[in-house]
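Q: Residue numbers (this note's numbering), protein chains in the order written: chain A, 3 to 236; chain B, 3 to 236; chain C, 3 to 236; chain D, 3 to 236; chain E, 3 to 236; chain F, 3 to 236.
Please note: incorrect hints may appear among the correct ones.
[Said to hold, decoys possible] Here are the simulated DSS-like cross-link-like pairs (lysine-lysine), alpha carbons at most 25 Å apart as the crow flies: (1) B:K122 to A:K145; (2) F:K233 to E:K233; (3) B:K134 to A:K233; (4) C:K122 to B:K122; (5) D:K122 to F:K122; (6) B:K233 to B:K122; (7) D:K122 to A:K122; (8) A:K27 to A:K176.
[What the hints assert, rightly or not] Computed list of chain C residues with no C-beta within reach of chain D, every gap over 12 Å: (9) N4; (10) A53; (11) R91; (12) V164; (13) K176; (14) R221; (15) A222; (16) K233; (17) L235.
What the hints contain is simulated information worked out from the structure, not anything from laboratory work.
Note that the structure is a prediction, hence the values are computed from the model and not measured.
C-beta: ideal position from N, C-alpha, C; glycine also.
Number of protein chains: 6
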Amino acid sequence: MNVLAIGAHPDDIEVFCAGTLLKYKQQGHNIFIALTTSGNIGSNEYESREAIAAQREQEQLDAAKLMGAEVRFLRFDDQGLQDTPELRRAIINAIRWANPDVILVNYPEDPSTDHAITGKVVSQVMLSIPGKLIPADEPPIDKNPSLFYYGTPVGIGFLPEVYVDITDVYELKKEALAMHTSQFNWMDVYQTHNLLNILDITDKFRGLQAGCEYAEAFRAFRLHGYMPNFKLLP
Amino acid sequence: MNVLAIGAHPDDIEVFCAGTLLKYKQQGHNIFIALTTSGNIGSNEYESREAIAAQREQEQLDAAKLMGAEVRFLRFDDQGLQDTPELRRAIINAIRWANPDVILVNYPEDPSTDHAITGKVVSQVMLSIPGKLIPADEPPIDKNPSLFYYGTPVGIGFLPEVYVDITDVYELKKEALAMHTSQFNWMDVYQTHNLLNILDITDKFRGLQAGCEYAEAFRAFRLHGYMPNFKLLP
Amino acid sequence: MNVLAIGAHPDDIEVFCAGTLLKYKQQGHNIFIALTTSGNIGSNEYESREAIAAQREQEQLDAAKLMGAEVRFLRFDDQGLQDTPELRRAIINAIRWANPDVILVNYPEDPSTDHAITGKVVSQVMLSIPGKLIPADEPPIDKNPSLFYYGTPVGIGFLPEVYVDITDVYELKKEALAMHTSQFNWMDVYQTHNLLNILDITDKFRGLQAGCEYAEAFRAFRLHGYMPNFKLLP
Amino acid sequence: MNVLAIGAHPDDIEVFCAGTLLKYKQQGHNIFIALTTSGNIGSNEYESREAIAAQREQEQLDAAKLMGAEVRFLRFDDQGLQDTPELRRAIINAIRWANPDVILVNYPEDPSTDHAITGKVVSQVMLSIPGKLIPADEPPIDKNPSLFYYGTPVGIGFLPEVYVDITDVYELKKEALAMHTSQFNWMDVYQTHNLLNILDITDKFRGLQAGCEYAEAFRAFRLHGYMPNFKLLP
Amino acid sequence: MNVLAIGAHPDDIEVFCAGTLLKYKQQGHNIFIALTTSGNIGSNEYESREAIAAQREQEQLDAAKLMGAEVRFLRFDDQGLQDTPELRRAIINAIRWANPDVILVNYPEDPSTDHAITGKVVSQVMLSIPGKLIPADEPPIDKNPSLFYYGTPVGIGFLPEVYVDITDVYELKKEALAMHTSQFNWMDVYQTHNLLNILDITDKFRGLQAGCEYAEAFRAFRLHGYMPNFKLLP
Amino acid sequence: MNVLAIGAHPDDIEVFCAGTLLKYKQQGHNIFIALTTSGNIGSNEYESREAIAAQREQEQLDAAKLMGAEVRFLRFDDQGLQDTPELRRAIINAIRWANPDVILVNYPEDPSTDHAITGKVVSQVMLSIPGKLIPADEPPIDKNPSLFYYGTPVGIGFLPEVYVDITDVYELKKEALAMHTSQFNWMDVYQTHNLLNILDITDKFRGLQAGCEYAEAFRAFRLHGYMPNFKLLP
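Just chain A, same shape as in the assembly (with noise of 0.2 Å):
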């Protein structure tokens, strides 16, 4: 089975969803991550949007190296993400690429705009990945993947439908999300508490509510064609 997860920026896979893609690769499935954007803008510690790209890019394939998972980046900017037929057409790229069974990607409804924009356009182009004459670069496919909605940034607005237990990987998983370096100092502006911080504290919450020690949390999209398969989660 293929797996794709797709993320706004470098680290939301890591911190929303990398529990659920490394358990699927211990069951031996294929997992992909797609990023929208390189998060090349929304940091004040570099001095271009270049360096920062670049910084970030190699952080994402350090921690996909680590979990075994190919990356390919949509390199849009990101804190300015819209839905654009550019936008859609890297999208269903992106999808055709993996070829995926299973879709995981931020919620539409997330506060933070990059992550609603997103999961809204992962979303709207589901109808799209079989279609020969739609706008893409890639090959028209014919699975119908199931698509779940991980998480948003501390979990704010979201009810979970569902639980994955993600114990037996989490020490792997937050390897993988220190390798984003970068993102321990910038995100001290805003934020109370740093990145591995979060992990740890969502991870513990979710699993709680789970029964489990730590737990990835996620609802599904429903559409005609495109029913969720629960019993394709891990």
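Add chains B, C, D, E and F to chain A, keeping to what the hints say.
A: Leaving out everything else, chains B, C, D, E and F in the frame of chain A:
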């Protein structure tokens, strides 16, 4: 695995979740049915409550025999079901009797009263299953069953979370429902369709949503210590 | 056509739906009022429950006379109304008595208890109207009335679905409310506005929303066999 | 009275609201259809967008002729519809062209993108109908139409507020849908049922809910100055 | 100012809102605790209801002493709490006893029954506080307290509206909870985490959401005459 | 403290939140107003967009002068506002210009388009306030303002979370609104009440709900790092 379906009236099980029960049976699980009422009041076809109840219990036993299910009648008055200590006790007894891994029951937001009360009280007693001092007649059990709500009459106010494909057991489900012969005239008093017709339209519609010929639809109950495991659905 | 308005207290009808009743009356329909309590407890102006009830029932009769409505008092204690078999029976009786095509009642999600219970129990007994074995004193009826919920006190938590323009009967509605003289001092204990003032502000606001001078607002109850017919509203 | 049905694709009208249109026609009203796209992309049966569009527009004209409706094609690309100034202008034009008392359109929460965008933009331009400086090519109109949303594909995520009984025009509706011959193979790529089958199951289910044989279901849009008048429904 | 925290079981206060109580205490306010049950049934550690209740009441008194709170036990049976006239009367008494400006109580939508009933009945009796004819043993009071709901077990189904930073009293809260020694073994029957662990994970998670180290989360109850004043929160 | 009110049109501030601004002013805080459009299109009273905009900006300046507020015009076309990079940039500029501790803005779920877009984009750019590489012309600021949504036109679809008593500044608010003389004829095209009348009815209704004579109503936006502090409301 043991699966317990609880309903408010004889025929609720056959209308709303018998397909899922039959799938469980097919997979080798034990199936149990408990009814909070024997539908002894909500009918104009008979002269006494006793006569109706006798007729309907026999119909339920016939349906259960066809499905290979055990039945327990709680025998509260229908059309007047209320959340009382007696009802809670009887439901705790029924759950302990079946010792279930999965419970299926009416939806607490069902606009039909007896259904709503049945769904609500089953949800309310989940935490009382293991307690040895709980007012009850059956001994405590130590399972943490997953609880799923089946649909409402003709789907009003019900947005499904998950579906079960019942195509290959649909004919048997229909036969089981057909055992409830007393319900075919009576329902015409206030409904425009007969019961088999309702079944056919509803299950085809749920099948259409789910991407199969016939389906049943469910929502999950979420409670600390009793979180739903979607993988237990057939 | 027969229209039945059910309320928790004397003055509920006049506050929430008397305009709509008067429109029905204007169109030649018969209008009925039933009250679950005579407001015998929730007042500090009188020394005994009996004294309050006597006063308030007389006020209600005066208001009803002005409107041309028949009244039935169910006489449960207010501020303590509960969903009991006795209340259900009394409400079934009241509905059968009025033999209504349309029922108007408090909203079951009203944060005020007596209102919520009244709205909930009326909804709960809809399926019991036609049953001859149902515990009741009035004979079964075979209508399938549409049920609409009128607003909550000062509109808290209430998003209307549909409005009735009551501009041309507003003055009469106000006169009817003014009959409830005992309520004008008492309400001041916990409210900042007197009752006529509340009426004026609320009905003007609903009128503003609806695009007329004065309006009343409603939501519909949906139940298989008793689906709301919006065209029955005046 | 003029009634305008707006849809995202040829066949949306026939699937979701043609019965209601035919009821209006039966009552002597004028009916109009506007389509935001000609479905020129979301199909694998043809080699070019132009070929599909030509075929599908002809099918739509045939269906409209059968129903006695006028048609306006807005000709945006499907599977990529976005909320742009051009789409808003074209929709304003279409509304002004039809000068409607009632508008029927896709639901803005439809999980299918083109549907959602069409429903959202129609809602968004309501306030622009009367403005003479609004960017548009048709002259302002001064009606305040009621706007109703018809259902989503196979009813996913849609809880109806109101129903229209279409039993006596259902056969004609089905014939109109059958004009869309190009959609019968294509839909099989990702759906398990063909279009006439979907129609039959869905309209029977809505009929079952409404208490008739076949029905269509709607929700209302609420906006100051454009509040829905349920009595305008047939 | 007087602040009253009402809970369903000994330890509810300490788990859900003791931090907020301690903040009030710190600010010089008087704090009161009332419990609808003494948790006399939902435990398998003891042989009789009386033994459990005695033990748990002592634990609660120890915790309250530590916090500087007065306690009132209403002593209904737990795991079977129902909305009865007796419970309403006891809760009215408790509120009049504390004469509170702020009330904190369980959430009426809590999936745990005793919690839900406690939260619902407290909300239901708000209008009965000032009435002199209300069935009660304590004299009427004339305050209009703000009512806030604290969270559900491990936050299931609870989206907070407002948070209280409890960082500087967290250690004392934890000590107070630790007084409930009887709850540490029992909870293990159906839960994966012990109570102090649950506290730590939940309060850290709410702190993370709120932007501090430890927090408690609340929703407000809205009722005419008793609207919540958020500024009364510490 | 600095408080910034953002609106879609001249008069939005005066209709929806000027009372709250005036309370802030009264308390010695600085108040700022930013408008995404100058209402240059949605009017039939003038012959050109420029003429309308000039008139309405002058009216807004007069109103602001009366209130003691500074104003910034973003000058996008109204009735056609869309979520573009230019709008986002202009809003980021406006926020950085005012350097606010509290932001008040239209509700993103407002059924009126320009309002919804304004509310949505303000919410979307919150995370962009501190970033030095963000496309913007004003320098980054390091405050984490609380964001509150004020009501929708005539309150449709809006359930308030919190109220501000504006009784003692209501007359001044009304005077400020009266400065928008151009809006008094135009609104009559599609509305039944003039603007001062609307103000009076709405603010009295919100006052009635809140327990005072006149009030304004708000909901809060919740985002990690920018959680609302209700105590900052006047």
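Q: Work down the list of hints and note, for each, if the structure agrees.
A: A quick look at each hint next to the structure:
At most 25 Å may separate the alpha-carbon atoms for a hinted pair to count; K122 of chain B and K145 of chain A exceed this at roughly 40 Å. The suggested pairing of K233 of chain F with K233 of chain E holds, with an alpha-carbon distance near 6 Å, which does not exceed 25 Å. Restraint check: the Cα-Cα separation between K134 of chain B and K233 of chain A comes to about 35 Å, which exceeds 25 Å; the hinted pair is violated. Pair hint K122 of chain C plus K122 of chain B holds up; C-alpha atoms about 15 Å apart against a cutoff of 25 Å.
Between K122 of chain D and K122 of chain F the CA atoms are separated by roughly 15 Å; this keeps the pair inside 25 Å, and the hint holds. Between K233 of chain B and K122 of chain B the CA atoms are separated by roughly 24 Å; this keeps the pair inside 25 Å, and the hint holds. With a C-alpha separation of about 15 Å, the suggested pairing of K122 of chain D with K122 of chain A holds against the 25 Å cut-off. Note on K27 of chain A and K176 of chain A: the hinted pairing holds, with a Cα-Cα distance of about 16 Å set against a maximum of 25 Å.
Remark: the non-interface label on N4 of chain C is consistent with the geometry, its nearest Cβ contact in chain D lying 20 Å away (cut-off 12 Å). Even its closest Cβ contact with chain D, about 45 Å, leaves A53 of chain C beyond 12 Å, as expected for a residue assigned away from the interface. Look at R91 of chain C: its CB is around 27 Å from the nearest CB on chain D, clear of 12 Å, so calling it non-interface holds up. Annotated as non-interface, V164 of chain C brings its C-beta within 12 Å of a C-beta of chain D; the closest such distance is 6 Å.
The beta carbon of K176 of chain C sits about 24 Å from the closest Cβ of chain D, which is more than 12 Å, so the claim that it is off the interface holds. Once the 12 Å rule is applied to beta carbons, R221 of chain C is inconsistent with being away from chain D; the minimum gap is 10 Å. For A222 of chain C, the non-interface assignment is contradicted: its Cβ lies about 8 Å from the closest Cβ of chain D, within the 12 Å cut-off. Distance to chain D contradicts K233 of chain C as a non-interface residue, since its nearest Cβ pair spans about 6 Å, not more than 12 Å.
Not every Cβ of chain D is farther than 12 Å from the Cβ of L235 of chain C; the closest lies at roughly 8 Å, contradicting the non-interface assignment.
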